[in-house]
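Q: These are the residues of each chain, in order.
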Amino acid sequence: MTGAAIAGLGITELGKVYGRTATSLAAEAVRLAVADSGLSLRDVDGLLVSHGMSQDVGLSLASVLALGELNLLAEVSAFGATAGAMVAQAVQAVAAGAATTVACVFADTPLKPRERSGAAWGGRPGRSLRGLSGWSVASGAASPNILYALCARRHMERYGTTSEQLGAIAVAQRAWAAGNPRAAMRQPLTVAEHQASRWIAEPLHLLDCCLVSNGAVAVVVTAADRAAGLRRPPVHVWGYGQAHEPRQMRAGSNWGLVTPAAHSGPQAMRMARVGPDDVDVCELYDCYTYTVLVTLEDYGFCPKGEGGPFAADGRLAPGGKLACNTGGGQLSAYYMWGMTPLSEAVIQVRGDGGDRQAPRNDVILVSGNGGILEHHATLVLSPHPAHRSVTG
Amino acid sequence: MTAPVFPAVERDEASEPFFAAAARGELLVRRCPRDGAMLEPQARTCPDCGCGELHWSAASGQGTLVGWAVVHQVPVPTLAAAVPYLTAVVELAEGPWLMVRLVDTDERGLRAGLPVAARFVPSASDGDATGEILVAFAAQEAPA
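Protein chains in written order, with this note's numbering: chain A, 60 to 451; chain B, 28 to 171.
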């Protein structure tokens, strides 16, 4: 056993893809990922399924794909941390000999024709408000946009972080998106345009918030030595980590300022025997610009509170010191939850980035974030087999 | 900002004591009978000792501002008439954090740590049902 690797990647049509169910998209993504790896569906003996908002893909995917006897079949649900959690589970299953070939798939169809993308997150006809949960809704923090705005506000109040610094993250990712044919938003963006975009929940502008997309993404995980003999270059999994910390609602709570990334990241990097200085590329979960900023801090790329100036000095953009969200991320490319950073990491590890290929790709850090900065998963990926020394 | 608009909220069995207290101008939070921890009204388990039999306990209604947002985009249809509005996290003097609306408050001049106090506001009528009195907060004027 030489560890595990991602051997296949499948990405369906993404964005305003109407008239297809999440199950049909998921099946296509698995077929594409298996074909990409050079294996066949008959080789698949493990399937991990993740649904998004639409929640209409599940265990029945195995029969849709007419898979044979499986050693592993489960739905995995850790919100935006799911992709990393699925890959970690697949790696563990392969390492333990419990399965040989595990497909991990996410599919969602939150966008409906003739409906604003914001409607996917709570904008459909309401019910009457009852009890303490009704009071919570009436109190107004009734969507992720608003809850993340409260978190960003805390950071601004505590550390002096500015909206322009958040804007610099959106601008850098848009510059990367220009090189990604799959990205929905590729036209250049300026901080001034970010500042001029309408308020969603102040301090978050429209351009601080991710897109909403329909589609599916799958990866295939197998043993590293087996992957080395397959069709595409293996994407070795050097480390993984996971941390969950439901928000504490009382004095002394760090909610919004420190996230479970502060535990998940070091866990994954310890396993991979790397530190932040070794990382060439970050693919960070970016439901909001602020999520990127706080994750950079929690991973140790800069001290707590310095994420604003750190992110705003141009280093995250093409040509900068730390390639970050090289496909444009969920802000500019596509919103496939944790599969957005993971899919781009696979592309970068393989050197398939084309116009947006990062100059170095020896160590790529991938994050997934879920809930309101409450769930986190981290992966460390590399084109090299695990524990090969990384030359500086 | 114009006068705040609150959608109607009905009590259920579990929230009956909370809304009954709000109707007489009193804010209830949760208190752990074992170790005395004071927790938000929605808490079900004491994070310090694991106790799951939390009691209701009156809070002073005094607190400070932790964070806030000015909501412009309607998050759910029931809040369509409310935007733009101020929503906030406040820390009660007793320790619990509440997510509340800020009323009678000018968003300019808000800062973390600003003193705030509970306000008891009617929620809208919804058909035949009259909404409960809701707990909101207001910034306290700085002493002259």
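Calculated directly from the structure, the hints in this document are not laboratory data.
Check the hints yourself; a few may be wrong.
[Said to hold, decoys possible] Over 10 Å on every C-beta distance to chain B, these chain A residues come out as not near it, computed from the model:
{"hint": "1", "residue": "Asp115"}
{"hint": "2", "residue": "Gly117"}
{"hint": "3", "residue": "Val135"}
{"hint": "4", "residue": "Pro169"}
{"hint": "5", "residue": "Gly177"}
{"hint": "6", "residue": "Val196"}
{"hint": "7", "residue": "Ser198"}
{"hint": "8", "residue": "Ala200"}
{"hint": "9", "residue": "Ser202"}
{"hint": "10", "residue": "Ser222"}
{"hint": "11", "residue": "Gln254"}
{"hint": "12", "residue": "Glu261"}
{"hint": "13", "residue": "Asp414"}
[Said to hold, decoys possible] Some chain A residues near chain B, calculated using beta-carbon distances under 10 Å:
{"hint": "14", "residue": "Arg212"}
{"hint": "15", "residue": "Trp258"}
{"hint": "16", "residue": "Arg290"}
{"hint": "17", "residue": "Phe369"}
[Claimed, not checked] For each label pair, taking beta carbons as the anchor points, the in silico distance ranges come out as:
{"hint": "18", "chain 1": "B", "residue 1": "Asp133", "chain 2": "A", "residue 2": "Pro247", "range": "50 to 58 Å"}
{"hint": "19", "chain 1": "A", "residue 1": "Glu223", "chain 2": "B", "residue 2": "Pro142", "range": "54 to 62 Å"}
{"hint": "20", "chain 1": "A", "residue 1": "Leu129", "chain 2": "B", "residue 2": "Ser87", "range": "51 to 59 Å"}
{"hint": "21", "chain 1": "B", "residue 1": "Pro111", "chain 2": "A", "residue 2": "Pro362", "range": "47 to 55 Å"}
{"hint": "22", "chain 1": "B", "residue 1": "Gly77", "chain 2": "A", "residue 2": "Glu365", "range": "46 to 54 Å"}
Here a beta-carbon is modelled for each residue, glycine too, at the ideal position from N, C-alpha and C.
Q: Look at each hint and say if it fits the structure.
A: How the hints compare with the structure:
1. Even its closest Cβ contact with chain B, about 22 Å, leaves aspartate 115 of chain A beyond 10 Å, as expected for a residue assigned away from the interface.
2. Under the 10 Å C-beta cut-off, the non-interface status given to glycine 117 of chain A relative to chain B holds; the minimum distance is some 26 Å.
3. Annotated as non-interface, valine 135 of chain A keeps its C-beta farther than 10 Å from every C-beta of chain B; the closest such distance is 25 Å.
4. Under the 10 Å C-beta cut-off, the non-interface status given to proline 169 of chain A relative to chain B holds; the minimum distance is some 15 Å.
5. Remark: the non-interface label on glycine 177 of chain A conflicts with the geometry, its nearest Cβ contact in chain B lying 6 Å away (cut-off 10 Å).
6. At roughly 6 Å from the closest C-beta of chain B, the C-beta of valine 196 of chain A falls inside 10 Å, breaking its exclusion from the interface.
7. Look at serine 198 of chain A: its CB is around 5 Å from the nearest CB on chain B, not clear of 10 Å, so calling it non-interface is violated.
8. Not every CB of chain B lies more than 10 Å from the CB of alanine 200 of chain A, the least distance being 5 Å, so the non-interface label is violated.
9. Consistency note on serine 202 of chain A: stated as away from chain B, yet its beta-carbon is not over 10 Å from all of that chain's, at 4 Å minimum.
10. Every beta carbon of chain B lies more than 10 Å from that of serine 222 of chain A, the smallest distance being close to 12 Å; the non-interface claim holds.
11. No Cβ of chain B comes within 10 Å of the Cβ of glutamine 254 of chain A; the nearest lies about 15 Å off, and the non-interface call holds.
12. Distance to chain B contradicts glutamate 261 of chain A as a non-interface residue, since its nearest Cβ pair spans about 4 Å, not more than 10 Å.
13. Distance check for aspartate 414 of chain A against chain B: the nearest CB is about 34 Å away, which clears 10 Å, and the non-interface claim stands.
14. Satisfaction of the interface hint for arginine 212 of chain A is found here, the shortest Cβ-Cβ separation to chain B being roughly 4 Å, below the 10 Å cut-off.
15. At a threshold of 10 Å, the smallest CB-CB gap from tryptophan 258 of chain A to chain B is about 4 Å, leaving the interface hint in force.
16. Interface hint status for arginine 290 of chain A: violated, as the beta-carbon distance to the closest one in chain B is roughly 46 Å, over 10 Å.
17. Checking phenylalanine 369 of chain A against chain B by beta carbon gives a least distance of about 22 Å; that is not within 10 Å, so the hint is violated.
18. At roughly 38 Å, the beta-carbon separation of aspartate 133 of chain B and proline 247 of chain A lies outside the given 50 to 58 Å, and the hint is violated.
19. At roughly 30 Å, the beta-carbon separation of glutamate 223 of chain A and proline 142 of chain B lies outside the given 54 to 62 Å, and the hint is violated.
20. Distance hint check: the CB atoms of leucine 129 of chain A and serine 87 of chain B are about 58 Å apart, consistent with the given range 51 to 59 Å.
21. Under the hint 47 to 55 Å, the C-beta atoms of proline 111 of chain B and proline 362 of chain A, about 35 Å apart, miss the expected range.
22. Range check, glycine 77 of chain B to glutamate 365 of chain A: about 37 Å between beta-carbon atoms, so the 46 to 54 Å window is missed.
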